[in-house]
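Visitor: The chain contents come next:
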Amino acid sequence: MKNDNRNAIIAIEDSIVQVRDLNLFYGTSQALFNLNFDIPRNKVTALIGPSGCGKSTFIRCINRMNDLVDSVNINGSIQLDQQDIFDKSVDVIDLRRKIGMVFQKSNPFPKSIYENVIYGLRIGGVTEKPVLEEAAEVSLKRSALWDEVKDRLHDSAMGLSGGQMQRLCIARAIAVSPDIILMDEPCSALDPRSTAHIEELIRELNGEYTIIIVTHNMQQASRVSDLTAFLYEGELIEFGKTTDLFTVPVKKATEDYITGRFG
Amino acid sequence: MTEDIQSSIAGLKQHMIFLGTVVEESVTTAIKAVHTLDNELAERVLDGDKKINSLEVNVEELCLKILALHQPVASDLRFVITVLKINTDFERIGDLACKIADKVILVNRTKQAAGSSAPIIMPSEFDEMFETTQNMFTSCLDAFVSEDADLAHKVCLMDDAVDDAKRAIRLDLEELSKNKPELQPYLPMILSVARGLERISDHAAHIAEDIIYMLQGRIIRHEKSI
Numbered sequence: 073m074k075n076d077n078r079n080a081i082i083a084i085e086d087s088i089v090q091v092r093d094l095n096l097f098y099g100t101s102q103a104l105f106n107l108n109f110d111i112p113r114n115k116v117t118a119l120i121g122p123s124g125c126g127k128s129t130f131i132r133c134i135n136r137m138n139d140l141v142d143s144v145n146i147n148g149s150i151q152l153d154q155q156d157i158f159d160k161s162v163d164v165i166d167l168r169r170k171i172g173m174v175f176q177k178s179n180p181f182p183k184s185i186y187e188n189v190i191y192g193l194r195i196g197g198v199t200e201k202p203v204l205e206e207a208a209e210v211s212l213k214r215s216a217l218w219d220e221v222k223d224r225l226h227d228s229a230m231g232l233s234g235g236q237m238q239r240l241c242i243a244r245a246i247a248v249s250p251d252i253i254l255m256d257e258p259c260s261a262l263d264p265r266s267t268a269h270i271e272e273l274i275r276e277l278n279g280e281y282t283i284i285i286v287t288h289n290m291q292q293a294s295r296v297s298d299l300t301a302f303l304y305e306g307e308l309i310e311f312g313k314t315t316d317l318f319t320v321p322v323k324k325a326t327e328d329y330i331t332g333r334f335g
Numbered sequence: 019m020t021e022d023i024q025s026s027i028a029g030l031k032q033h034m035i036f037l038g039t040v041v042e043e044s045v046t047t048a049i050k051a052v053h054t055l056d057n058e059l060a061e062r063v064l065d066g067d068k069k070i071n072s073l074e075v076n077v078e079e080l081c082l083k084i085l086a087l088h089q090p091v092a093s094d095l096r097f098v099i100t101v102l103k104i105n106t107d108f109e110r111i112g113d114l115a116c117k118i119a120d121k122v123i124l125v126n127r128t129k130q131a132a133g134s135s136a137p138i139i140m141p142s143e144f145d146e147m148f149e150t151t152q153n154m155f156t157s158c159l160d161a162f163v164s165e166d167a168d169l170a171h172k173v174c175l176m177d178d179a180v181d182d183a184k185r186a187i188r189l190d191l192e193e194l195s196k197n198k199p200e201l202q203p204y205l206p207m208i209l210s211v212a213r214g215l216e217r218i219s220d221h222a223a224h225i226a227e228d229i230i231y232m233l234q235g236r237i238i239r240h241e242k243s244i
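Protein chains in written order, with my numbering: chain A, 73 to 335; chain B, 19 to 244.
Hint data in this document are derived by calculation from the structure and do not stem from the laboratory. Certain hints may be false.
Unchecked claim - In silico lysine-lysine, DSBU-like type, Cα no more than 30 Å apart, as pairs:
hint : chain 1 : residue 1 : chain 2 : residue 2
1    : A       : K170      : A       : K213
2    : B       : K69       : B       : K83
3    : B       : K117      : B       : K68
4    : A       : K323      : B       : K129
5    : B       : K172      : B       : K117
6    : B       : K196      : B       : K68
7    : B       : K103      : A       : K324
8    : B       : K103      : B       : K117
9    : A       : K213      : A       : K115
10   : A       : K323      : B       : K83
11   : B       : K83       : A       : K324
12   : B       : K117      : A       : K323
13   : B       : K83       : A       : K313
14   : A       : K323      : B       : K172
15   : B       : K198      : B       : K184
16   : A       : K183      : A       : K170
17   : B       : K68       : A       : K324
18   : B       : K198      : B       : K172
19   : B       : K129      : B       : K103
20   : B       : K103      : B       : K50
21   : B       : K103      : B       : K184
22   : A       : K313      : B       : K103
23   : B       : K196      : B       : K129
24   : B       : K172      : B       : K196
25   : A       : K324      : B       : K198
26   : A       : K160      : A       : K213
27   : A       : K170      : A       : K201
28   : A       : K160      : A       : K170
29   : A       : K183      : A       : K213
30   : B       : K68       : B       : K83
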């Protein structure tokens, strides 16, 4: 494909995360290869690529979830607002407060809806009831769940539907006012209606939070994200505006993947 | 029976090529009819229009089906969108061929009513106009089939020659109207043929621009130099 106007990786004006020369190994097997790119502040960035390409491995680097895996070895840096998150001085608990995460399978705690939402604030030391109540209401409203649960806040969260549980997890993540929300295939276990709810919520949160979403659903990436990164076999192949990447991709590998010719 | 997207797109391309060849035949026949003032050829063009309309609707339905069922992206999306657009251009070129054929029939009818056997004088620029217009449309089809962006670029550049020829024909017809008043009833019809050819070449240039978008992802429609 001829296209002289764009590069495969665009420059970001206001970035919150800067990834530099990032390599990750599981034992002797390398999973990420020399990643270099910036993630824009308060925008939605989608990561796409075939299974095993390193998408989840990469977002788990951002909140240092990979620290929990013994065989992982990382070199390079990820700067969050000019601080290297791998620096020894970084408090990982504090880092994870700044970076919320929503997983493929919703994981509410076996507690009430209300207790789930304020859990992060409680362990952060907030004890004033009015503050907690307000945070719960604001977070549930922001996650478009308030109207459905306002009359049963003290019921068990385990009684919610799959889609509601996932929105509860998002409410829990935003209750602590994170800078970044990581979403690892947040809709893969949901029906189309619940998926639409979550996508609407992502659009609502766009502009206020930096969201990084891993998805296998190409249409979802194109519907919700401002920028899309395509990873293949641990390498960043292309990173650009979502509208450009899905209409005129620069790299043939991207073209082949998004049109379903491989992967 | 459902098809995968690549088979659907290959099928759509075949339908589009078929429509293109039917339209090409219609334009060629209309031009021949003007050359020879042959009513039979003109009638053939008019009869063929229904077929073009039906093929156009069929192509549009195939595009909508692919969009709804496969949600294409990247080159597949550009292909389907381009086909959707140039499909309309093809159909309109078919309509313009009919308008030209109509004028042939009208000239013959007017001649017959006047009992005239005098030859109709066609400005010499028509020869170039016929050739360039046909060449533009045929090259469009070739560029579409062989995915040749350079050829599509060449088509865009040919449009000016047709516009110039049409302007020259208008001036020639003004002269003829002064010098040969007996031809006056026919001159608006001859001018209308030139207008039809000019519109066909405009559509061919649009098609070529869309083919460039399809192949390169660049919208060049309003660029001054391409």
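Visitor: Does each hint fit the structure? Answer for all of them.
Guide: These are the hints, each one checked on the structure:
1. With a CA separation close to 20 Å, the supplied pair K170(A) and K213(A) stays within the 30 Å bound.
2. Restraint check: the Cα-Cα separation between K69(B) and K83(B) comes to about 21 Å, which is no more than 30 Å; the hinted pair holds.
3. Among the hinted pairs, K117(B) with K68(B) is consistent with the structure: their alpha-carbon atoms are about 14 Å apart, no more than 30 Å.
4. Taken as a hint, the K323(A) and K129(B) pair is broken in the structure, with Cα atoms around 63 Å apart against an allowance of 30 Å.
5. Restraint check for K172(B) and K117(B): the C-alpha separation of about 27 Å stays at or below 30 Å, so the hint holds.
6. Between the alpha carbons of K196(B) and K68(B) the distance comes to roughly 40 Å, so the proposed pair goes past 30 Å and is violated.
7. This hinted pair checks out: K103(B) and K324(A) have alpha carbons roughly 25 Å apart, not beyond 30 Å.
8. For the hint pairing K103(B) with K117(B), the CA-to-CA distance comes to about 22 Å; that is within 30 Å, so the pair holds.
9. Between K213(A) and K115(A) the alpha-carbon distance is near 20 Å, which keeps this suggested pair within the 30 Å criterion.
10. Straight-line distance between C-alpha atoms of K323(A) and K83(B) comes to about 28 Å, which keeps the hinted pair within the 30 Å bound.
11. As the CA atoms of K83(B) and K324(A) are separated by approximately 26 Å, the hinted pair is consistent with the 30 Å bound.
12. Taking the CA atoms of K117(B) and K323(A), the gap is near 46 Å; set against the 30 Å cutoff, the hint is violated.
13. Taking the CA atoms of K83(B) and K313(A), the gap is near 27 Å; set against the 30 Å cutoff, the hint holds.
14. Pair hint K323(A) plus K172(B) holds up; C-alpha atoms about 27 Å apart against a cutoff of 30 Å.
15. Pair hint K198(B) plus K184(B) holds up; C-alpha atoms about 20 Å apart against a cutoff of 30 Å.
16. A C-alpha spacing of about 23 Å is found between K183(A) and K170(A), which places the hinted pair at or below 30 Å, so the restraint holds.
17. Among the hinted pairs, K68(B) with K324(A) is inconsistent with the structure: their alpha-carbon atoms are about 41 Å apart, more than 30 Å.
18. With a C-alpha separation of about 39 Å, the suggested pair K198(B) and K172(B) falls outside the 30 Å cut-off, and the hint is violated.
19. Among the hinted pairs, K129(B) with K103(B) is inconsistent with the structure: their alpha-carbon atoms are about 40 Å apart, more than 30 Å.
20. The suggested pairing of K103(B) with K50(B) holds, with an alpha-carbon distance near 28 Å, which does not exceed 30 Å.
21. For the given pair, K103(B) sits about 26 Å from K184(B) by alpha-carbon distance, which is consistent with the 30 Å threshold.
22. Proposed proximity of K313(A) and K103(B) is supported: the alpha carbons are some 25 Å apart, at most 30 Å.
23. Of the supplied pair hints, the one linking K196(B) and K129(B) holds, its CA atoms being roughly 19 Å apart against a limit of 30 Å.
24. Straight-line distance between C-alpha atoms of K172(B) and K196(B) comes to about 38 Å, which puts the hinted pair past the 30 Å bound.
25. Between K324(A) and K198(B) the alpha-carbon distance is near 63 Å, which puts this suggested pair outside the 30 Å criterion.
26. Between K160(A) and K213(A) the alpha-carbon distance is near 37 Å, which puts this suggested pair outside the 30 Å criterion.
27. With a CA separation close to 23 Å, the supplied pair K170(A) and K201(A) stays within the 30 Å bound.
28. With a C-alpha separation of about 17 Å, the suggested pair K160(A) and K170(A) falls inside the 30 Å cut-off, and the hint holds.
29. Restraint check: the Cα-Cα separation between K183(A) and K213(A) comes to about 19 Å, which is no more than 30 Å; the hinted pair holds.
30. At roughly 23 Å between alpha-carbon atoms, K68(B) and K83(B) fall within 30 Å of each other, so this suggested pair holds.
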